[in-house]
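The chain contents come next:
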Amino acid sequence: MSTTPFPSGPILGCRGRGVSVPGDDIDTDRIIPARFLKCVSFEGLAEGAFADDRAERADHPDGPHPFDRPEHRNAAILVVNRNFGCGSSREHAPQALMRWGIRAVIGESFAEIFFGNCLALGIPCLTADHESVLALQGAIAADPAAVLQLDLQPPAVTLLTGGEPRVWELQVADGPRRMLLSGEWNGTAQLVAHDAELRATAARLPYLSGFALG
Amino acid sequence: MSAGTLYDKVWDLHRVADLPGGGSQLFIGLHLIHEVTSPQAFAALRDLGLSVRHPERTVATVDHIVPTTSQARPFADPLAEEMLATLERNCAEHGIALHGLGSGRQGIVHVIAPELGLTQPGMTVACGDSHTSTHGAFGAIAFGIGTSQVRDVLASQSLAMAKLKVRRIRVEGALQSGVYAKDLVLHIIRRLGVKGGVGYAYEFAGPAIAALSMEERMTLCNMAIEGGARCGYVNPDAVTFAYLKGRPHAPAGEAWDRAVAWWSSLASGPEAVFDDEVVFDAATIAPTVTWGITPGQGIGIDESIPTLEQTEPDERPIAEEAYRYMDLRPGTPIEGVPVDVCFIGSCTNGRLSDLRAAAAIARGRHVAPGIKAFVVPGSEQVAAAAEAEGLDAVFRDAGFEWREPGCSMCLAMNPDRLEGRQISASSSNRNFKGRQGSASGRTLLMSPAMVAAAAVSGHVADVRRFLGPPTDGAPSPTAPAALETAAIRA
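Protein sequences, first through last, are from chains A and B. Heads up: the first sequence at position 28 corresponds to 28 in my numbering, and the numbers run straight through without jumps. Heads up: the second sequence at position 352 corresponds to 352 in my numbering, and the numbers run straight through without jumps.
Bound conformation, chain A alone (with noise of 0.2 Å):
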């Protein structure tokens, strides 16, 4: 479990080892199985990040889960395929990853609603292309001491080794990366701020006046 502190300001990127979860079509309730789910506070998620899937690797031909695995421990950018975070809106899943040690998630796609759910917390979530992030695996694994230094401007991550750093570029829409450089991704004063506009909009809703005349 990591003492990194939480996300906060401006996220300029992050640096530290990374941890690949390969596989496409990763769910929330993988991430962070429903048992878990029952609480009012996030603190304490971390032990439930990838619990099952944990487990069905304790014993396994091929060795633990990555999260089990005494080389990623203090990892901080998560590797994964295509569609990671589908299923439950759960913000529980990047609660878990986050409070675990995750600060950035690289993959070749993200589901909606997760990667809504990792920018309200301050963690970019970015894409590559799948022979870029099959590359970034493989150098994971080759040398998971390595450090990963993630930039959000230009979107792009280094390989720090000791000989020659490897770059991949990445992507990341516009909005979200501008919301993560100038802090407002924890956005709720900015949405709170705009008092004239939200009763100007709900003065155009006739539903909210109950189709009232004039």
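Derived by calculation from the structure, the hints in this document are not laboratory data. Take these hints with a grain of salt, some might be off.
What the hints assert, rightly or not - If you want a taste of the chain B side facing chain A, the calculated C-beta under 8 Å gives, among others:
hint, residue
1, His14
2, Gly22
3, Leu48
4, Met214
5, Ala255
6, Ser265
7, Val273
8, Pro317
9, Tyr323
Claimed, not checked - Residues of chain B clear of chain A, computed beta-carbon distances all greater than 12 Å:
hint, residue
10, Asp8
11, Gly102
12, Gly128
13, Ser304
14, Leu308
15, Gln310
16, Glu315
17, Ile318
18, Arg396
19, Gly437
For every residue, glycine included, the Cβ atom is placed at its ideal position computed from N, Cα and C.
Please arrange chain B on chain A, whose structure you already have, making use of the hints.
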């Protein structure tokens, strides 16, 4: 880029502001909350020193964690009790209506909001639950959100959102007897994939959609998210208005006429432009069953589990994972696969018409030996209506348990769950690994009538064999799937 669709019109009406980051601030007309994804949002609100901006546009119920056997308080599970008590406290503190246990209006959030007339055409609806897409059946733009966004909606009645593209899914023809909205949506997801809808809103249109009842439209839109589409919707029409008329929160009198005029004006017109269109033929769709670990791994009841060779190359790794997890061999016919548990209920298929369809199969038959079968009405109102027409007795006589309303075994946050490697025939929406409460439990998704057919057979069975006296001793054959027209226009 789409233009003139219902999605575009509702988006424009609800757009509060454009945000510097590039997204828009969208007003939320109806905010539904429940016990699982709201407690941390209320706590965050408190930390920020903010109040609920529109408590009168916020409606709560309790569904995920409630037991379906005894609902007496306090619950046997102290964590479940704490979650409900927290919701009760938060609603009382902020003046939010809570449809609690025994109120006559409690139930699964996506069942009660429509039946109370809260969900209406042209609204934006948000809820901390991915199956909020259900409400799109009314021509609302409805989507699931996370807890931080629940906090934002509580505080501002709005959200930061990026606009989606719009894909029209036209369904021509008519569904055959024994083929339901559940089969239709499982078929669509099978063809377009569980990632196919990412970045899109799905507009369901065409003669087969127009012919669906509101409850069937809810089943369809409910599972849009399983196809990756954050919201799915059907344009409002006479079927929508007939359903809404007279419901507790629906407009009445002269306001009703003004409402119908406004709702009608929002439907996608003939001039509407879509980002993408896909066409299906309803007549070619068979009762559909999932065999794997994603809702896209579905096949017709008369088909066999696809082999690797029959699977697209990039879908092979998840197919192999599914063979292992499900312990089902490729090439095996899905009909005849034995089941242990049969579950009828959920926000997908826990409404009165679902229970009627299942009861029609159960009537005069009996659950096969060794099978645990149970029926969980989607709400207290559904339960009362079903009991008034004797469906509870039909199910009990057939050996099904008749339970109290809740989410039940759809997601296993309550005592209803699979044990060990049990395999379920389930009318719910997700067959993910471990979804139904056992880390090795297995789920076959199908329509409620198909679940009932499986319960009385002891194995996956073709519901069409149970419907009326067959004219030639066999169910009507279905056309090969290859005849289906699934033309995608960019």
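Results for each hint:
1. His14: holds, 6 Å
2. Gly22: holds, 3 Å
3. Leu48: holds, 6 Å
4. Met214: Not OK, violated: methionine 214(B) not within 8 Å of chain A, min 18 Å.
5. Ala255: holds, 4 Å
6. Ser265: With a closest approach of 11 Å, the serine 265(B) hint is violated.
7. Val273: Hint violated; valine 273(B) Cβ to chain A Cβ min 22 Å, cut 8 Å.
8. Pro317: holds, 7 Å
9. Tyr323: Violated. Min distance 14 Å.
10. Asp8: holds, 16 Å
11. Gly102: Nearest chain A Cβ is 22 Å from glycine 102(B), so the label holds.
12. Gly128: violated, 6 Å
13. Ser304: With a cut-off of 12 Å, serine 304(B) remains clear of chain A, as the shortest Cβ separation is near 22 Å.
14. Leu308: holds, 15 Å
15. Gln310: holds, 18 Å
16. Glu315: violated, 8 Å
17. Ile318: Check fails; 5 Å does not lie beyond 12 Å.
18. Arg396: holds, 29 Å
19. Gly437: Per Cβ check, glycine 437(B) is inside 12 Å of chain A; nearest 7 Å; violated.
This entry does not satisfy hints 4, 6, 7, 9, 12, 16, 17 and 19, going by the numbered hints stated previously.
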